[in-house]
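Letter by letter, the chains look like this.
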Amino acid sequence: MYRKLSLAFAVGALMLAGCGDDDDAGSDSASATADTGTGALTVYSGRDEELVAPLIERYERETGNEVEVRYGDTAELASTIVEEGDNSPADVFFGQDAGALGALQNENRLIELDSELLDSVPAAFRSAEGNWVGTSARARIIAYDTRKVQQADLPESILDLTDEEWKGRVGWAPTNGSFQSFITALRLTEGDDDAKAFVEGLKDNDAEVYDGNTAIRDAISNGEVEIGLINHYYVAAARDEEGDDYPVGIHQPAGDIGSLVNIAGAGVLASSDQQNAATEFVRYLLSENAQKYFADETFEYPVSADVPADDSLTPLADIDQPDVDLSKIDDLQGTVKLLQDAGVL
Amino acid sequence: MATSEARARGLPVAARGRRGRRAPPALLAAGLAVAALVLLPLGYLLIVVGSEGSAALEELGSERALRLLARSTALAAAVTASAIALSLPLSWLCVRTDLPGRRVWSVLCLLPLVIPSYIGAYLLVSALGPRGELARLLEGPLGIERLPSLYGFTGAWIALTLATFPLVLLPLMTMLRRLDPSLEEAARGMGSSGLRTYRQIVAPQLMPAVGAGGLLVALYVLSDFGAVSIMRFDSFTRVIYTSRASFDRTGTAALAMMLVAVTLVVLWLEGRTRRRAEVFARGAPGAARVQQRVRLGRWRWPALGFCATVIGFALALPVGMLALWTTRALAGDVEWSSIATAAGNSLLAALLAAAAAALCAIPVALLAARHRGRASRAVELSSYAGHALPGIVVALALVFFGTRVAVGLYQTLAMLVFALVVLFLPLAVGALRASLLQVPPRMEEAGRSLGRGPLAVFATVTAPLARGGLLAGAALVFLTAVKELPATLLLSPIGFDTLAANIWRTTTANAFERGAVPSLVLLAVSAVPLAILAARDR
Numbered sequence: 176m177y178r179k180l181s182l183a184f185a186v187g188a189l190m191l192a193g194c195g196d197d198d199d200a201g202s203d204s205a206s207a208t209a210d211t212g213t214g215a216l217t218v219y220s221g222r223d224e225e226l227v228a229p230l231i232e233r234y235e236r237e238t239g240n241e242v243e244v245r246y247g248d249t250a251e252l253a254s255t256i257v258e259e260g261d262n263s264p265a266d267v268f269f270g271q272d273a274g275a276l277g278a279l280q281n282e283n284r285l286i287e288l289d290s291e292l293l294d295s296v297p298a299a300f301r302s303a304e305g306n307w308v309g310t311s312a313r314a315r316i317i318a319y320d321t322r323k324v325q326q327a328d329l330p331e332s333i334l335d336l337t338d339e340e341w342k343g344r345v346g347w348a349p350t351n352g353s354f355q356s357f358i359t360a361l362r363l364t365e366g367d368d369d370a371k372a373f374v375e376g377l378k379d380n381d382a383e384v385y386d387g388n389t390a391i392r393d394a395i396s397n398g399e400v401e402i403g404l405i406n407h408y409y410v411a412a413a414r415d416e417e418g419d420d421y422p423v424g425i426h427q428p429a430g431d432i433g434s435l436v437n438i439a440g441a442g443v444l445a446s447s448d449q450q451n452a453a454t455e456f457v458r459y460l461l462s463e464n465a466q467k468y469f470a471d472e473t474f475e476y477p478v479s480a481d482v483p484a485d486d487s488l489t490p491l492a493d494i495d496q497p498d499v500d501l502s503k504i505d506d507l508q509g510t511v512k513l514l515q516d517a518g519v520l
Numbered sequence: 456m457a458t459s460e461a462r463a464r465g466l467p468v469a470a471r472g473r474r475g476r477r478a479p480p481a482l483l484a485a486g487l488a489v490a491a492l493v494l495l496p497l498g499y500l501l502i503v504v505g506s507e508g509s510a511a512l513e514e515l516g517s518e519r520a521l522r523l524l525a526r527s528t529a530l531a532a533a534v535t536a537s538a539i540a541l542s543l544p545l546s547w548l549c550v551r552t553d554l555p556g557r558r559v560w561s562v563l564c565l566l567p568l569v570i571p572s573y574i575g576a577y578l579l580v581s582a583l584g585p586r587g588e589l590a591r592l593l594e595g596p597l598g599i600e601r602l603p604s605l606y607g608f609t610g611a612w613i614a615l616t617l618a619t620f621p622l623v624l625l626p627l628m629t630m631l632r633r634l635d636p637s638l639e640e641a642a643r644g645m646g647s648s649g650l651r652t653y654r655q656i657v658a659p660q661l662m663p664a665v666g667a668g669g670l671l672v673a674l675y676v677l678s679d680f681g682a683v684s685i686m687r688f689d690s691f692t693r694v695i696y697t698s699r700a701s702f703d704r705t706g707t708a709a710l711a712m713m714l715v716a717v718t719l720v721v722l723w724l725e726g727r728t729r730r731r732a733e734v735f736a737r738g739a740p741g742a743a744r745v746q747q748r749v750r751l752g753r754w755r756w757p758a759l760g761f762c763a764t765v766i767g768f769a770l771a772l773p774v775g776m777l778a779l780w781t782t783r784a785l786a787g788d789v790e791w792s793s794i795a796t797a798a799g800n801s802l803l804a805a806l807l808a809a810a811a812a813a814l815c816a817i818p819v820a821l822l823a824a825r826h827r828g829r830a831s832r833a834v835e836l837s838s839y840a841g842h843a844l845p846g847i848v849v850a851l852a853l854v855f856f857g858t859r860v861a862v863g864l865y866q867t868l869a870m871l872v873f874a875l876v877v878l879f880l881p882l883a884v885g886a887l888r889a890s891l892l893q894v895p896p897r898m899e900e901a902g903r904s905l906g907r908g909p910l911a912v913f914a915t916v917t918a919p920l921a922r923g924g925l926l927a928g929a930a931l932v933f934l935t936a937v938k939e940l941p942a943t944l945l946l947s948p949i950g951f952d953t954l955a956a957n958i959w960r961t962t963t964a965n966a967f968e969r970g971a972v973p974s975l976v977l978l979a980v981s982a983v984p985l986a987i988l989a990a991r992d993r
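Those sequence lines, one after another, are chains A and B. Numbering-wise, this note's numbering comes out as the position in the first sequence, counting from 1, plus 175. Numbering-wise, this note's numbering comes out as the position in the second sequence, counting from 1, plus 455.
I should point out that these hints are in silico values taken from the structure, not numbers from a laboratory. On a predicted model such as this, the values are computed, not experimentally measured, just so you know. Among the hints, a few may not be true.
What the hints assert, rightly or not - With a straight-line cut-off of 20 Å between C-alpha atoms, the simulated EDC-like cross-links for lysine to aspartate or glutamate are:
1. A:Lys512 with B:Glu513
2. A:Lys512 with B:Glu507
3. A:Lys512 with B:Glu518
Claimed, not checked - Away from chain A, derived, C-beta distances all over 12 Å, residues of chain B:
4. Ala481
5. Gly505
6. Trp547
7. Arg586
8. Met662
9. Asp703
10. Val749
11. Ser792
12. Gln893
13. Thr915
14. Gly950
By construction, the Cβ of each residue, glycine as well, lies at the ideal position given by its N, Cα and C atoms.
Start from the sequences and build out the full structure, keeping to the hints where you can.
If you want it as structure tokens, here you go:
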């Protein structure tokens, strides 16, 4: 027994020695690679693996290109890219909101995209400076338990959820990129103080903290909380699967920031040594195939190639939301700081 | 985690006597190289903090940091207190009374140590949480709509108490077994009441064991990442983890340094109580008399009830929940291929870490056991850095180091293995040094006098004799590395999924069913080195 184990450990030690050597050699070769587009493309995805992994697999199948994906929270990955600086292994950043993309643009981490790529989406869904492009649109909603909350009792504004009436009934996800982007928008429309008061109010109102949108939606359907601050497609997809009996409803308060329409989008890293291949990947996300995937599989709003959204959704044009320029909600750092100061991060 | 396990196993405290020859320069160089490697993360973290000293100071004085300090120490204090409160009666019942099945109880009470804190916490949430089994049972017939939330301080407190109380129980049981009853008998003989005897004679002798065990618990709680994350309690480790999204590396590094400072204070206290404990142990005179067991009589029923309750929550509940979720998972689709890949990756990383730690331990342990001196003392001390450094701190430091300095190592398996070695080297050094101390230096000297060189003597005399210790050390490192969580999360290469990461991901998303099979596989994988260690002890 001992002999076999000793052998195993010896082999392990040799392998380790091997690894070490490889890596020493690797440090130089990585930066020397030219933009041939033949190496694996590295994508940092703030979007959930469940939602986008099938699409990326499709891309790999159709193009024969290899893609490595690092999944994480949008803000976490954006912050990582800033920390990594010129040494970042990432070629593409695929985020779930305009805020993180804007923050990366401000830090000069993203290259300017081809105008033809930018022009394929409506002006509202791309960076004014041209460093990122929206790949699908999504609406913030107030999801609610249709068994416990009557339509008439739903709040007229998301800001009402800090009222005593909603104590302990709300679920939220402060680490989530879409939520943070909404807070950045709230800071723009209402000012920092009111935004902070809202966050602190939710916290003091015993709002339950969740890991992400899916967890919140499931918490509503399981009766754990009655109200959740999430994106529309989590409910739309579940309803499609579970049928009309699905007990989670969508509320989009008229003219309220709680009904904000945001984008998921992508940018190409300035530090990437495969910028052409990375741009091709972004182009693929805007292609008809990918847009249909967003429409049919994830129930988001397509933004290019004239692909229609799913019928079950409120048409994008009918969503009554305040006028917020997505290019301006780029102070993610400030929002993270605000959430930290409020004691929720 | 490393710290607590090493200490719980009673790894050597100080080598006495044996002041060997001067260390050969090559050995000393190897030892110093290992020391430099394990001190690297802490050193780089200091550079990061120091390079923006004023910003770091501002963060340290901020209300947020102070709140964090208060919360983390409150949790550590609460868990320590409850672990002691559980262990005192348990150890007394198992050692000093005629409690039925006391041998079995005393073994069962130690088993919770095998369950990683995040698996324990996940199973607790899935049983007693707002969406757990209990809630489901109560919902229908009793019409109870919601249970008091388990998340936050309460949940972290319960989960960590159940995970750590054996760390107090173990030294306490040892101490109780060793107590010489003649002192107590003398006190009783002179008319002292039972309670007074306990207070004046027994309790003071137990204090060192309680203190040392309690501080181990505190250290475990401060370094724990898994349980607090699943219980959503913002202690240092969890906030450091989420702060990576803050675009503020100085602030995050400052928090990490603050945590290290707290663990150092706890370690220092622990070292002090340990030295006091030795004084007590050596003070026991002559051969101890046989202890009389207290007859419980009618009291044995409540006593049994107490033991059963503790074991029920600490062991039966997690095991039962794991069985329940596993059967449910097996009824549906289990992603066997991804679990197999994760298991393979976990094995690979842990095996590499065990091998590398064993290799690094050789010069350190040789210096410590054979060549006492200032330099070898320094080498040995620095090899214990992993004791003071929570996994999340080492991981964060290496992320900074990887993005700025060792770019080629960033997000490679080598970096992950490096972190695991830093964290768990003390386990390998401790085990190897203990067995080296049992090899009589005379045998090596005989080898040298017969004309063999130092390397040949090491290979033909020392190594075969100390092999058991080396293997035990490697097995210990494997055991802790395979379930390590924070460094694995932060440093794994892209797409390198491990069992620990898999379990953490599914359970933080409340997908209890999907966490069951990987948890079971992880426990099975760690059973192998445990069996080796147990066989050795016998």
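Hints and how they fare:
no.	hint	result
1	A:Lys512 with B:Glu513	14 Å, holds
2	A:Lys512 with B:Glu507	18 Å, holds
3	A:Lys512 with B:Glu518	13 Å, holds
4	Ala481	18 Å, holds
5	Gly505	18 Å, holds
6	Trp547	39 Å, holds
7	Arg586	5 Å, violated
8	Met662	38 Å, holds
9	Asp703	8 Å, violated
10	Val749	43 Å, holds
11	Ser792	14 Å, holds
12	Gln893	17 Å, holds
13	Thr915	15 Å, holds
14	Gly950	6 Å, violated
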